[in-house]
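J.: Each chain, written out:
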Amino acid sequence: MPLNRKIAIIDLTTGDIDVKPIPLAVRKQYLGGRGLDAYLLYNHTEKGCDPLGPDNALIISGGLLTATCASATARTHIMAKSPLTGLLGSANMGGFFAPEMAWAGFHHLVIKGKADKPVYLFIHNGSIEIRDAAHLWGKTTTDTQWAIRAELGDEEIKSCVIGPAGENLVRYANVMTGIKNSAGRTGMGCVMGSKNLKAVAVRGTMDINIARPAEALEYNKQFIDQITSAKVNQTQGTLGTPFIWGATNSWGGLRTRNFQYNQCEYADDIEPERLDDIATETIGPHHMTGCFGCQVHCRAQYKIPSGQYAGKYDEGPEYTSQGAFGAMPDCRSAVTVLTGNHLVDQYGVDNLEIGSIIAWAMELFELGILTTEQTDGLELRFGNDEALLEMVHRICTRKGWLGDTLADGGIPAAEKIGNNAFDYLIQVKGMNNLHSDERATPALALNVATASRGSDHLRSRPAIDLYHLPEPVLRKIYSSPIPYEGPLSSEHTDYEGKPWQVFWQENCYMAVDCLGICKYHTVFLGATLPNFEDWPKVIYYNTGLELTPEQIWEIAERSNMVERLFNLREGLSRDDLKKGDMLNHRYFDEPCLRGAPGVVGRTIDREKFSKMIDEFYAHKGLDKNGVPKPATLKRLGLKNEPSHLL
Amino acid sequence: MASANKVLMIDYEKCTGCRLCELVCAVKHDGISNPVRSRIRVIKWEAEGVYVPMSCQQCQDAPCMTGCPAGAISRNESMERVEVDYDLCIGCRTCVSVCPFGAMNFNPIDRKVIKCDLCDGDPQCVRFCDVKAVDFVDADRVGQIKSRSAARRVRTADTRATAIHSDS
Amino acid sequence: MTEETNLQSTAESLRSTRTYGKFRCHNPSCMGRLQPQAGDKQVKCPECGMEFRVHWIRPDFPRIRGPVWDVNRKLAEEALAKKGGA
Numbered sequence: 001m002p003l004n005r006k007i008a009i010i011d012l013t014t015g016d017i018d019v020k021p022i023p024l025a026v027r028k029q030y031l032g033g034r035g036l037d038a039y040l041l042y043n044h045t046e047k048g049c050d051p052l053g054p055d056n057a058l059i060i061s062g063g064l065l066t067a068t069c070a071s072a073t074a075r076t077h078i079m080a081k082s083p084l085t086g087l088l089g090s091a092n093m094g095g096f097f098a099p100e101m102a103w104a105g106f107h108h109l110v111i112k113g114k115a116d117k118p119v120y121l122f123i124h125n126g127s128i129e130i131r132d133a134a135h136l137w138g139k140t141t142t143d144t145q146w147a148i149r150a151e152l153g154d155e156e157i158k159s160c161v162i163g164p165a166g167e168n169l170v171r172y173a174n175v176m177t178g179i180k181n182s183a184g185r186t187g188m189g190c191v192m193g194s195k196n197l198k199a200v201a202v203r204g205t206m207d208i209n210i211a212r213p214a215e216a217l218e219y220n221k222q223f224i225d226q227i228t229s230a231k232v233n234q235t236q237g238t239l240g241t242p243f244i245w246g247a248t249n250s251w252g253g254l255r256t257r258n259f260q261y262n263q264c265e266y267a268d269d270i271e272p273e274r275l276d277d278i279a280t281e282t283i284g285p286h287h288m289t290g291c292f293g294c295q296v297h298c299r300a301q302y303k304i305p306s307g308q309y310a311g312k313y314d315e316g317p318e319y320t321s322q323g324a325f326g327a328m329p330d331c332r333s334a335v336t337v338l339t340g341n342h343l344v345d346q347y348g349v350d351n352l353e354i355g356s357i358i359a360w361a362m363e364l365f366e367l368g369i370l371t372t373e374q375t376d377g378l379e380l381r382f383g384n385d386e387a388l389l390e391m392v393h394r395i396c397t398r399k400g401w402l403g404d405t406l407a408d409g410g411i412p413a414a415e416k417i418g419n420n421a422f423d424y425l426i427q428v429k430g431m432n433n434l435h436s437d438e439r440a441t442p443a444l445a446l447n448v449a450t451a452s453r454g455s456d457h458l459r460s461r462p463a464i465d466l467y468h469l470p471e472p473v474l475r476k477i478y479s480s481p482i483p484y485e486g487p488l489s490s491e492h493t494d495y496e497g498k499p500w501q502v503f504w505q506e507n508c509y510m511a512v513d514c515l516g517i518c519k520y521h522t523v524f525l526g527a528t529l530p531n532f533e534d535w536p537k538v539i540y541y542n543t544g545l546e547l548t549p550e551q552i553w554e555i556a557e558r559s560n561m562v563e564r565l566f567n568l569r570e571g572l573s574r575d576d577l578k579k580g581d582m583l584n585h586r587y588f589d590e591p592c593l594r595g596a597p598g599v600v601g602r603t604i605d606r607e608k609f610s611k612m613i614d615e616f617y618a619h620k621g622l623d624k625n626g627v628p629k630p631a632t633l634k635r636l637g638l639k640n641e642p643s644h645l646l
Numbered sequence: 001m002a003s004a005n006k007v008l009m010i011d012y013e014k015c016t017g018c019r020l021c022e023l024v025c026a027v028k029h030d031g032i033s034n035p036v037r038s039r040i041r042v043i044k045w046e047a048e049g050v051y052v053p054m055s056c057q058q059c060q061d062a063p064c065m066t067g068c069p070a071g072a073i074s075r076n077e078s079m080e081r082v083e084v085d086y087d088l089c090i091g092c093r094t095c096v097s098v099c100p101f102g103a104m105n106f107n108p109i110d111r112k113v114i115k116c117d118l119c120d121g122d123p124q125c126v127r128f129c130d131v132k133a134v135d136f137v138d139a140d141r142v143g144q145i146k147s148r149s150a151a152r153r154v155r156t157a158d159t160r161a162t163a164i165h166s167d168s
Numbered sequence: 001m002t003e004e005t006n007l008q009s010t011a012e013s014l015r016s017t018r019t020y021g022k023f024r025c026h027n028p029s030c031m032g033r034l035q036p037q038a039g040d041k042q043v044k045c046p047e048c049g050m051e052f053r054v055h056w057i058r059p060d061f062p063r064i065r066g067p068v069w070d071v072n073r074k075l076a077e078e079a080l081a082k083k084g085g086a
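Those protein sequences? They're chains A, B and C, same order as listed.
Once you know that position 418 of the first sequence is 418 in my numbering, the rest is easy, because the numbers rise by one and skip nothing.
Once you know that position 90 of the second sequence is 90 in my numbering, the rest is easy, because the numbers rise by one and skip nothing.
Once you know that position 48 of the third sequence is 48 in my numbering, the rest is easy, because the numbers rise by one and skip nothing.
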């Protein structure tokens, strides 16, 4: 049974390992994955703990449905207090790690303490071993994985690892598995590095009994048909996430040159179709790959066609690499994008954060806020492809004054650079924004401002707000499972009704993250994809747990509230530009210069934005300061903060 | 029977490596999610991005069948498959060691050999594979499909060569 | 649980609204339905005037590759001038 997968609490300082079952009562409150991780993080860390100290807890998990006969249960979730933001750290990746960990007997690992020398964990069919990693230290993400397989003599071992960036404590180093699957955001690789933990390797051959196998199998087929018949997933399965980049650029929603433009014009060489041609030329017609059990197969394979790294194999690039090494630094070359993507994969660093931070530095350099002395002679201008890639090396190895400064993250770097560098940093809660521009889309602006892990699109973005869906369709989606009779608008520039959409999406994405499935399998990019009403069946057939759509909604609400409680405990405050639900002034002050006629000239209206925050807080049951009302905590069973069952 | 004369056709170039075939195979046969229970296995070279699903070829002159000391393996002509009679099987795993494809597997939990039975004519790996890296086709069509695909490659190369020629 | 299996969920019921062979204008305030003819390389939205390059994922499956940049720039500059911007 998926429900009998265990939790292991591992102390790297003492070597103690405590394995426990997960009580059904906790499952019914948080399901698994991100929700249960939030509960564990709250309980296993003290207020104000040092994110890079032994008291931080690194939590690695699969979801409730991981490795069951449900579709695309590939996601691994990683949580800790973030060394980038000082608030909630949380990152999610695809691949094959979490299912293997479930077959090895575990759903959640809580890793505390700090090893006195580099180690890695090997988890095999219920046993956990702390092993020496001296020989792995310094290796790239892929070399580390292959070396572990060779050492243990099993090609089926799956590992999540850090690369040199994590070892060097780059504050936005990520955790990776496979060639490019990355738990990218909030510096979870930096936390691993701080614990001297190079990798977690898993191998499992333990049964997961399916509660109702025949029904689970049939329903899985039906579920997959619903997903693969969506045009958005057929496009995704051909062009990968670059197609979203292309579409976003089409209308003017793409962050370009840090935040100077909202469209990257004449960028034909980095358009999805061009990248697809390169994949076809270097790999062949069948160059799409995917994560465990998923029929969307949204990840391209490619070889770098020319340049210093010509012939290197990698996967992707995704939207964020087109942003990081394309639109943001205004380098419109496919080879640069593919090379940048390869470098971040090898170093193990968040492509989104590093791309944002380099583009920010480029703007500062052009404004004269950064000098050639500080860049060690590097002409860090927009459009300088070589300088861009050089900065990736410098940051990941902390080379030079600027490399070392930028490796500490945006806010500390802004303080060190001084002048008004901070004004140009497009961040929320200390984390940079996705390479999208939300000035013409109040709903999306509200989403990035309030996302629990800092500026982020995967926490509550109502992406379908851009589809101009008829109001009855919007109402059908957004008034289930909880009735909603307030306003809803098909127009993306409106403010009315958007807080509800963001609230609904926040619960939808939390549920998905608790179940351990992919967001391309729910209402993210496609309006006709499964959500609350579809999940009870898949949960019941696979686990035997009987839950209604309303109960799943409540679990998601509760889990989101625990994340909120964690952030409040660590200093979240509504209007704080560095630790709050607030946007950079440029959203309000600088109009969009490009894009569709209705987008040009747009800014976010401060007053209406503040009213959206009020409404969003009201939906969540928070007061005007963003603090949960006592009645809300009582309703969600959190009156005494999360209980300590685990 | 619908399966008569049909065989599994694997085109590894199409495989995305997702391993859904392994999952549904195990669930279909044992009601359990566990790849070691799967009759089909995706072998991967992840560093190069190459994935090859491996399954029983249902050989005419099957080495597992000729090698079985207990006479437990036989060919079922109506189903076009090679079968294990578990009442006769002694669990010696000779079949595992002689299979040239590694398609005879040993399930370490139930301690018995397992192999593809084509799901009695409706192979679930085929049903679930969106890209049809695993397909179920008439035996005589396999060669035809392969040669058509090879011919297309030759033709594309030729067209390209002609284009280059006329460019210069 | 079993009684409900034949009822359609919201997602399932919306499946019939999908339209293959067409796409929608990328201007998010317009989203007019556009249906290019087989093989068309460019399409102009009759509703808002934006022009797009077309890519064919399959012979029956077109998508917008991106704007026709010169037209896009001209429309943006006109709109900006009208709004009294730079």
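To be clear, the hints were calculated from the coordinates, so they are not data collected in a lab.
Mixed in with the good hints, there may be bad ones.
Restraint ranges, calculated between C-beta atoms of paired labels, are given here [as the list claims (entries may be wrong)]:
hint, chain 1, residue 1, chain 2, residue 2, range
1, B, Pro100, A, His393, 41 to 49 Å
2, B, Val98, A, Asp116, 46 to 54 Å
3, B, Gly67, A, Thr13, 49 to 57 Å
4, A, Glu151, B, Lys146, 55 to 63 Å
5, C, Thr17, B, Ile43, 51 to 59 Å
6, C, Thr17, A, Asp605, 29 to 37 Å
7, A, Ala25, B, Phe101, 44 to 52 Å
8, A, Pro470, C, Pro46, 50 to 58 Å
Footprint (simulated), chain A over chain B, 3 or more residues, beta carbon under 8 Å [as the list claims (entries may be wrong)]:
hint, segment
9, 65-71
10, 82-91
11, 111-123
Just so it is clear, CB atoms sit at the ideal spot from N, CA and C, and this is done for glycine as well.
J.: Which of the numbered hints are not met once you compare them with the structure shown?
T.: 4, 5, 8, 9, 10 and 11
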